[in-house]
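Read off the chains here:
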Amino acid sequence: MATEQLHHTALTLVDHLPILEVLVPFVAAPLIVVLGSRKLAWPIAFVASAISFVIACLLLLQVLDGSYISYHIGGWAPPLGIEYRVDAANAFVLFLVSGISTVILPYARASLEAEIPRRSTTLLYALYLLCLTGLLGVVITGDAFNVFVFLEISSLSTYVLIAQGSHRDKRALTAAYDYLVMGTIGATFFVIGIGFLYMATGTLNMADLAERIAVQSDSRTIRAAFAFIVVGVGLKVAIYPLHLWLPNAYTFAPSAITAFLAGTATKVAIYVLLRFMFSVFQPGFVAQVPTLEVIILPFALLAMFGASLTAIFQRDLKRMLAYSSIAQIGYMLLGIAFFSQAGLMATMIQLFNHGITKAALFMGVGAFVLRAGGSFYHHLNGLGKSMPWTSAAMVIAGMSLIGIPGTAGFISKWLLVQAALDAGWWPIAILIVASSLLAVIYVWRMIETLYLTESKAELQARQAPMSMLIPLWIMALACIYFGLDSDLTLSASRTAAEGLLAGSTGME
Amino acid sequence: MDSGTLEFVIGHLNYWLFILLMMTGLYIVVAKGNLVKKIVGLNIFQTSVFMLYISIGKVTGGTAPIFPLDMKVDPDVVYSNPLPHVLILTAIVVGIATTSLGLALIIRIREEYHTIEEDQIAEIENAVLKSEQWASERATGEHS
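Chains A and B, in that order, give the protein sequences.
Our numbering numbers the first residue of the first sequence as 95 and each following residue consecutively.
Our numbering numbers the first residue of the second sequence as 13 and each following residue consecutively.
Heads up, some of the hints might be wrong.
[What the hints assert, rightly or not] Result set (DSS-like, lysine-lysine): computed pairs, CA atoms no more than 27 Å apart in a straight line: (1) A:264 x B:44; (2) B:70 x B:84; (3) B:49 x A:264.
Honestly, the hints are just simulated from the structure, not real lab data.
Please model the entire structure based on the sequences and the hints provided.
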């Protein structure tokens, strides 16, 4: 099954796809800075992102059958050299991240122009690409320390991107500062965990780590490492009590950036959590420590209800969606807590479906901000009439957020309920449905504001420009497409879940 | 304290110092209201991790991992592990980037808020929040 390809003589471009996935945006970012041309910045960013997306598609097609690609950087064989390892789980996330980035860039052009002064936009695209590089790198790498390096590349650029919202609202600065402090604490916890792992095993390669942890899983050092890594990554995931940075960061960042981050950053962190829990530490190890039932499960439920309730009482649509993101992350954690193949499959598919749904919703918010001057509910009164296309896309994405049949959100909720019933946890299944009802309330409030209230006479909102509408509709239609034809997402998430639950045997 | 405990305490000296520094750093981040002091705390916290990594790379009786020029390595010589040092070089770069970005943000915050004290910033933000709420209530009141 494994595709070994380390023949120095006969390497074709196809063999180099794993490194090119990360290298293309990584090289394009400084290129934008060096050229310094405002006209070239956007095309370069878009082409780089599109190339990454094409490569991600090619990689996903190669590994859908359950095989994996191991790429040795510089020809140094692991465990000494750094290895990039692509299997179904991370190819699926690569596909999501590069796909969302590529759809958002055309949208970002008009949106950023309105929200950011023109002199900043060139550097902004460079940072956007760096952030993309970091996210892709975190996902593709098979080296534990490499994860930290890429995590920091994406985090540092994220802080700056969020701070760019200060041109609209100065609170973006404090939001970015708070995220910087919390994100750094999280990343440092993560690196402490890696240090402990290295101390106990003497290796940093994930597959190698998994093998060595398997033989000494009752070592206290390794348990401490597990705790540090889960808390550190948990901060990036925004697991419920560690979510405090998220609402402000999402609310005050420029709209296009929020759409990008909401669709990708937390999803990548969830992937890291999965990868470490199940591939590096064995499923057996995770089962032996009662982390899942005692810690992850209650916090997931708290997120589903606490954050949803908070979302209902918001006055700002953007902030409401941020709280809803925390609640939706709760569903993903719930799937992990079931500790079954069905549960992990639900997590993977929820990760994907929520990524596209939230990206679509935040893109709609950006269109409202552009034309109606704000995202508070009182700005949105009656926009269903003056901005019919944007509003309709918001309704579709909102339905996917609730989980109405026929949308992508339904598939993931359905799988999650099924996983709960399989595990015999029917009260949890009821709670999943109950928290979806909370989602109905906050999404209905949005629909009511858009369609059932009168707009102010003096304010005539125009239709959003085509460059924003088309990407928005691509995302909205994706919400429906992946709800009707779920072959690709189901098979990818099933293979991913199988690979993850197999533990280190899945990495052989 | 018997000699076993004493040996344990002294033998793990690097870990005690790591924990001490780490907790000092975290405490400053949490307890101080001044944004610059928070960054200082964050720095101490990160530095503690550098210390942890570097100290675990030390092999008892090991010398600096530098091979002789002629590459005739004596198999009896014990070398310390250089890998954690290399990792920490990267982490130091990350730490510098974080610090400089944090300080840059503080400068911008001071320009906008005219203060770098957390509680004063919170006051200003609460006032903004109240006015937003008022505006939103007034707007919805007009239409209901």
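Hints versus structure:
Note on residue 264 of chain A and residue 44 of chain B: the hinted pairing holds, with a Cα-Cα distance of about 22 Å set against a maximum of 27 Å. At most 27 Å may separate the alpha-carbon atoms for a hinted pair to count; residue 70 of chain B and residue 84 of chain B meet this at roughly 23 Å. A C-alpha spacing of about 21 Å is found between residue 49 of chain B and residue 264 of chain A, which places the hinted pair at or below 27 Å, so the restraint holds.
Hint violations for this structure: none, all hints satisfied.
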